[in-house]
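Following the hints, complete the assembly by docking chain H onto the known chain D.
So the protein lines, in turn, are chains D and H. For the first sequence, the numbering used here begins at 3 and goes up steadily by one. For the second sequence, the numbering used here begins at 194 and goes up steadily by one.
Worth flagging that the hints you see were computed from the coordinates, not collected in a lab. Just so it is clear, CB atoms sit at the ideal spot from N, CA and C, and this is done for glycine as well. There could be a bad hint or two in this list.
[Unchecked claim] Heads up, simulated DSS-like pairs for lysine-lysine below, C-alpha to C-alpha not over 30 Å straight-line: (1) D:55 x H:261; (2) D:57 x H:194; (3) H:261 x D:72; (4) D:59 x H:293; (5) H:293 x D:20.
[As the list claims (entries may be wrong)] Partial selection, computed: residues in chain H whose CB lies under 10 Å from chain D: (6) 197; (7) 200; (8) 221; (9) 225; (10) 227; (11) 229; (12) 231; (13) 239; (14) 282; (15) 284; (16) 293; (17) 294; (18) 295; (19) 296; (20) 297.
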Amino acid sequence: DVKVTQSSRYLVKRTGEKVFLECVQDMDHENMFWYRQDPGLGLRLIYFSYDVKMKEKGDIPEGYSVSREKKERFSLILESASTNQTSMYLCASSLSWDEQYFGPGTRLTVT
Amino acid sequence: KQEVTQIPAALSVPEGENLVLNCSFTDSAIYNLQWFRQDPGKGLTSLLLIQSSQREQTSGRLNASLDKSSGRSTLYIAASQPGDSATYLCAVNGAGTASKLTFGTGTRLQVTL
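Isolated chain D, as found in the complex (with noise of 0.2 Å):
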């Protein structure tokens, strides 16, 4: 079975903290995925990676950035948090254009 971990499930962090949500696969995927989820807004893609250090940017980059250093580990990056960039956070990877696995997210709140 493919397992997606995020880091925490809850996290906390006030406006200005430089935040980092990690993930890790331990299926040897080329592809990793951040998702943010925002109710009424569905799912939509921050960043993702098809290879170590290869990087391109989704939908809604602004305010975020990643770091992809080895295969099975991808992160998510805010800078300078600020409240807007509260939301449910999710990971994902996948094996070239195949099925997509999910963690099982991470709800961020920031005061």
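Same frame as chain D, but now just chain H:
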């Protein structure tokens, strides 16, 4: 730009009923379509993946169909159970978009006793 719509937004049915969830998409140039289930406050669980060359996929009580030319997919749930209560999301993987999914906003299903 691909747009994915799911109707209805919410559905309540008594236990035992068969039901159909609908998903439509605007650009028929897709690579595949995936159905997910999401429980409140949790991540997404993949239910079925249909490749663009396929017409349907089945897993247990679930059957998903795809009509690419008309931009539609349906998820059929047979003999619904209270444990099926969740939000169901469909997502399309557009050809040429490097594995990026476009999601619908989901159908929230409640199966009552």
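Quick rundown of the hints versus the structure:
1. D:55 x H:261: With Cα atoms ~35 Å apart, residue 55 of chain D and residue 261 of chain H exceed 30 Å; violated.
2. D:57 x H:194: holds, 21 Å
3. H:261 x D:72: violated, 37 Å
4. D:59 x H:293: Measuring from Cα to Cα gives roughly 11 Å; hence the hint holds.
5. H:293 x D:20: holds, 27 Å
6. 197: holds, 9 Å
7. 200: violated, 14 Å
8. 221: violated, 17 Å
9. 225: holds, 7 Å
10. 227: holds, 6 Å
11. 229: Constraint on residue 229 of chain H satisfied, holds at 8 Å.
12. 231: holds, 9 Å
13. 239: holds, 5 Å
14. 282: This interface hint holds because 7 Å falls under the 10 Å limit.
15. 284: This hint holds: residue 284 of chain H lies near chain D, its Cβ roughly 8 Å from the closest one there, short of 10 Å.
16. 293: Holds. Min distance 6 Å.
17. 294: OK, holds: residue 294 of chain H within 10 Å of chain D, min 6 Å.
18. 295: Holds - the Cβ of residue 295 of chain H comes within 10 Å of chain D, reaching about 8 Å at its closest.
19. 296: Interface hint status for residue 296 of chain H: holds (4 Å vs cutoff 10 Å).
20. 297: Holds: closest Cβ of chain D sits about 7 Å from residue 297 of chain H, inside 10 Å.
When the structure is compared with the earlier hints, violations turn up for hints 1, 3, 7, 8 and for no others.
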